[in-house]
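If you read the sequences in order, they're chains A, B and C.
Each number in our numbering corresponds to the 1-based position in the first sequence with 6 added.
Each number in our numbering corresponds to the 1-based position in the second sequence with 12 added.
Each number in our numbering corresponds to the 1-based position in the third sequence with 94 added.
Quick caveat, the hints were computed from the structure, so don't treat them as lab data.
The C-beta atom is built at its ideal place from N, Cα and C for all residues, glycine as well.
Each hint should be verified, as a subset may be incorrect.
Label-pair distances were calculated between CB atoms; the ranges are [what the hints assert, rightly or not]:
1) E442/A / D171/B: 30 to 36 Å
2) Q31/A / R51/B: 34 to 40 Å
3) D230/C / G38/B: 35 to 41 Å
4) F133/A / R51/B: 32 to 38 Å
5) P136/C / K257/A: 38 to 44 Å
6) E50/B / E454/A: 36 to 42 Å
7) D230/C / G159/B: 45 to 51 Å
8) R404/A / H231/C: 36 to 42 Å
9) A308/B / E194/C: 25 to 31 Å
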Amino acid sequence: MSTQPQPELVTVTIDGHELQAPRGQGMVETAASIGIEIPVFCYEPRVGPPLGACRMCLCEVEGLPKLQAACTLTATDGLVLKTALTSEKAADGQDAILEFILLNHPLDCPDCDKGGECPLQDLTFRFGPGTTRMHFPKRTFDKPIPISPLIALDRERCILCYRCTRFSENVSEDGQLVAINRGASSVIATFEDEPYRAHFSGNVVELCPVGALTSTTYRFRARPWEIQNVPTVCGLCPVGCNVWATTREGKVARVLSRNHPEIHEGWLCDKGRFAYDHLRAEDRIRTPLLRVRRRGFQEVSFDEALDAAEAGLREAGSSIVVAFSGGETVEQATALARLVREGLGSDSALLPDDWDRGLAAFRAPLSAIQDAEVCLVLGDDPVVERAPVVDLWLRAARRAGGRVITVSPAGDVQVAPGSAPQVCAALREGNMAPKELRETAKRLRAAERIALVWSADDPTGGRHVGSLASHLHENGQADVAVYALPRTPNGRGVAEAWHALGEGRTEPPEEAEIGALIVSGDEAGHNRRVGELAQRARFVLTTAMFQSDLTAWSHLVLPGTSYLEREGTFVNLEGRPQRLRRAVVPSGPDELEWLAGLAGRFELAVDPWAAPSTAEQAPLPPGDEFAWTQPDPQAPTGKPAGPGLELVRYRALFSGAAVERVPQLQFQRPGLEVELAYEDARTREIAAGETVRVSSNGTSKELRATLSRRLRTGVVRIAGEHAEGLADRVQVEKADA
Amino acid sequence: MALRKLLLAHADERDLTKLAEYETVGGYESLRRALGMERQAVLDELLAADVRGRGGAGFPMGRKASFLPKPEDSSKRIYLVVNADESEPGTFKDREIMLRVPHLFLEGVFIAANTIGSNLAFIYLRGEYLREYEVVVAALEEAREAGYVGKDVLGSGWDLAVVVHRGAGAYICGEETGLLESLEGRRGQPRTKPPFPAISGLYASPTLINNVETLATVPKIVQMGGEAYARLGVEHSAGTRVFSLSGNVVNGGNYELELGTSLRELIYDLGGGIPDGRELKAIIPGGSSVPVLTAAEVDTPLDFDSMAAAGTMLGSGAVIVIDDRCCMVQLGLRVAQFYMHESCGKCTPCREGTRWMVQLLHKIEEGDATQGELDVLLDVCDRILGNCLCPLGDAAAMPVASYVARFREEYQRHIDEGGCPFGDESSLKGVLAPVDQHHARLRAEIEVPTGP
Amino acid sequence: MSAASTLYDRIREVAAQYPESRSAVLPALRLAQEENGGWLPPEAFREVGDALELTPAYCKAVASFYDMFHLAPVGRHMVEVCTNVSCALVGAQQVLEAFERELDAQAGETTADGEITLRTVECAGGCGWGTVVVVDHRYREPVQPADVPGIVRELRSGA
Ligand SMILES: Cc1cc2nc3c(=O)[nH]c(=O)nc-3n(C[C@H](O)[C@H](O)[C@H](O)COP(=O)(O)O)c2cc1C
Ligand code: SF4
Ligand code: FES
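With the rest of the complex left out, here is chain A (with noise of 0.2 Å):
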């Protein structure tokens, strides 16, 4: 999107050696560019400004009778800089500062799990004082405490660079990670050492530059000699961050950000960082299972089932529907595709996320959120259940000094649930009721860069907001971005895949048997559709990695894999395809392997062996011509009003098959809880933390009642997994009522 203006080059002088840099490029880079190594520990650009606080980085600066903190130096005309290299003076104040950041540092390196990548130990080899001056008992306090089930914190390591406290105040803001006391009694600590529980709290662990946090689910895995680094892509949610899967022994051991600067800036989620576990999950299919009469399932091998695939399919005819998890690599979801249109003869899918091809005049990189005037985001999903990292994007642009305005039942402006259409009409035809959007409306037309950002599911592939996007650009607006946000990890991928085969679609057709249903992955199952369905077919073909409800209405299941164990390429929400590696190799063959087998039998050739072109850091393909040729999409009517409260669920970013089986992330997982609107709680007298009743035609529910001032009046949110059988109506009442 926004191309910011070439900053003009100064001259500075750096050991002598004279170079041209950016004015305002940070010394600390400056100097790296000419391969001088400044020492530093708490200089981190990614959570803030420069700090200063360590001291490691202290370098003479001509005309300056102190040393200064090179971190906290920018590149200006005629700056003359002296690093240790050549400063005897600096030399001296690093050696100082490198002796006082140790006189309390345990020399436990030999059992620290940072040992062997840990910055201070590789200082102090080079540089460090071989003997300590320090005759005194150094500061002791218990050893590592938990801070939450993911996270250890050994307060006896910790130097206190504030990395992680900025990091959860600056980047994440979830302000739960703090430094308290003073002086040298300063510890870090949450609030009455409560769990941190916040999405992006396992971030903090790569930050620290000592092993003073460090998570409990690589605690002594590994040690960095035994292990092996391979570059792929997160696959759990549409952003697609960017990760190292660490392994050892054909294990991954965990799971390392591979920083992105345009997708993810190299933060990743809890999800991303610590669900890898569920690949070793006791329950997980590994042969495949066939229902037999009378008998239940009965593990079979690849080539009976190979055989009782071909014959339900054949049986079923060309009345098939193939149910898309989203989680499917597009070489994978371009075979399934291929396989039930070319070789079935059928075209019925359900695509979990659809995507409107007129929206790539619209694409633009994550990064560019935070350059954006104005980020409006729209639908009632929480951007941080969907997309996480977009919601680090937003604070961005937020402190960054735009304006982000979040139009939902819980936004800044308030509206009713499900009215986003609505909203996107109102505010292109100008119509400007709700009239609190006036004041949104007047923003966009005043601003020259724009974020739209869509967080619910959309049928229409996009529409609705892609049409708002082109009424602004035809207003005039130079930067126009659109996110729209699908609900798999690679659904749009998916979708891509299988219009290239042919636009047509038809939809599974109501009531009526069909011959056979294929299930492609467990995520599948979160379409309420599928289960129907399931129930009016003969035959059910599903791959799935753990038994579900749906395995049970299966009659063959084929294990399925996850994204650490296949190659393949995911298109994330920003329409950019990556490169997925094969971390670990699969109990079985794959799906790629299977569905290339099965094609055979149908005289159909697929290749079993994904070929990814892309890079290891993919760029993202430029976007389309303007060319919005969609008509405005009618904005549904609203529900009805009705007696009650109306409920929102949203998906929590931690559940699904993944997170249920890392015992680490349960607390992580939704509370059983109610989120009321202040005014609603005190109309029934509900006081924040007490149980209340939810209840509506038949099914009632016990929750704990969270208040939210951000709420709307007359508005309830649960998520999806506490609100299964209530009604979009509900009554809500005290327990003991």
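Position chains B and C with the ligands relative to chain A; hints supplied.
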């Protein structure tokens, strides 16, 4: 040269906390005059007066004020912040000014605010100063009713709101950027400079920060004219200062003197000398953070240059008199304890270094230290000096290093004799640094030694 | 609930004085401390945080930085003895010990009956009139060991 009541003029005869009384001695005339002048003209008077900051750093006030952008050129709001956090050990002069001539102080605040074109001023008042808070707030209320502050001040069309913000007990919040952080509702940890407050201070806006006494001189300067004011005192040290006299002296208290007056006059002629027939041993001339002087240097004049020549500083104008009962190792320990306790914990050398100093000094005092450890102590001071984020670390290292330098033999005896030569006789025997209850509680959870 | 909501309103009122409400953290914590018998229980941080849209963790981080906020219960009365250099030179230690004897509590402790908390503080800013003792936020200067029994009696008599 001696006593010269300028700020505290009439305060003995009248109750100048009352607006009416203050007005009878020409109160708020300077504000009236200043409002009638061009902003630049007022600034020129301050520049001509060459008045240096009374908070400790001694930076010329006029110069600092002229670093701010002119209101017409500033897209951002401009703030005046008053540093009334007076916490440098030995210092209690701002308190005297606020208690006895609050209107003079406020008049200075109003004039300064107008001069830099600010409509919102904050007085960051030391939290412990409850009575001072009450007096200042009462005076502010009187001034508001009289139209000296608030909307359309004296019909000039200029508005000024003043917020009195109480601190909560942290010496570091006296450091200007720590103060700003605290005023913004954060832990009072200093910021790296640049950017300087004049460009990006409170809420990242242009901010002028001055000490109470500095601002209290402003009405006097406007009244008598910068030139005339500059004739008071000596070169590079114009005007008067309110010196806080304490320690082993007969008449402790505040004395407003023309700069250039000698320590001897203050301690003996005004302070009545050393009690109980003891001997003068040492003088801390500018608050506990400055290097010490020996009895032999008692004739040093109290002005910036003379103090610099003597290897120390005028600092906050707090003169602490020390007699021959005091053990200089215990003094070092007590001073180091203070700075360790007040270190904000942000930068490494201050946080770790002050703690190490305390440990070493304690060992020396106990007589358990080796010769080597005395050298380590000096080396630690040296390694703190100039390497910290803010001057607090220096404030700990400088004085302690000076105690060792000037009373070396006393430190040596602790090592040679394996104990304190003063036995139980030292006046400082046994003093402990504060035990903060929340730190104590924290120690219960996780051991955090705050003392040696 | 009602007490909390009034604290909420009072904090919002104070916050209105500032361009950014975060600035009201210290005054807000002071209000909360007064409301909670001189110290800040965990609940207080939740209330302050709710009123200023900050997390309880943030509020505690701030409070723990400042000596005048107490994170553990304190007595109904607070006696603070300055033991910094100037006061120490003129006998602060003797005054402190007098209080410790009289109250049968060490510096940093509260009397057995929970009435009086004794603590030492850094320079109170009354150096010229040492030893400075701050009783319930009011300065007594100078205080001699001989004055101590009187002060304690005064406090005990609930004056
Ligand atoms: C550790 C430290 C503590 C300070 N304490 C105070 C103080 O209590 N009062 C004060 O006016 N200045 C104090 N200062 C000086 C301020 O940083 C700043 O220089 C001063 O307020 C500027 O006002 P002035 O120019 O009128 O002196 C302190 C400085 C440091 C480094
Ligand atoms: S825990 Fe690690 S990141 Fe946090 S302050 Fe300590 S050293 Fe820095
Ligand atoms: S890296 Fe510069 S001060 Fe820490």
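Tested hints:
For E442/A paired with D171/B, a C-beta distance near 32 Å keeps the hint of 30 to 36 Å intact. Between Q31/A and R51/B the beta carbons are some 38 Å apart, a value that agrees with the proposed interval 34 to 40 Å. For the pair D230/C and G38/B, the beta carbons lie near 38 Å from each other, so the given range of 35 to 41 Å is met. In this structure the supplied range 32 to 38 Å is violated for F133/A paired with R51/B, their Cβ-Cβ distance being about 53 Å.
In this structure, P136/C and K257/A meet the distance hint of 38 to 44 Å, their C-beta atoms being roughly 41 Å apart. At about 40 Å, the beta-carbon gap between E50/B and E454/A stays in the expected band of 36 to 42 Å. Checked against the hint of 45 to 51 Å, the pair D230/C and G159/B fails, with Cβ atoms roughly 36 Å apart. Evaluation of the 36 to 42 Å hint for R404/A and H231/C yields a pass: the beta carbon distance comes to about 41 Å.
For A308/B paired with E194/C, a C-beta distance near 39 Å fails the hint of 25 to 31 Å.
In summary, the numbered hints that this structure violates are 4, 7, 9.
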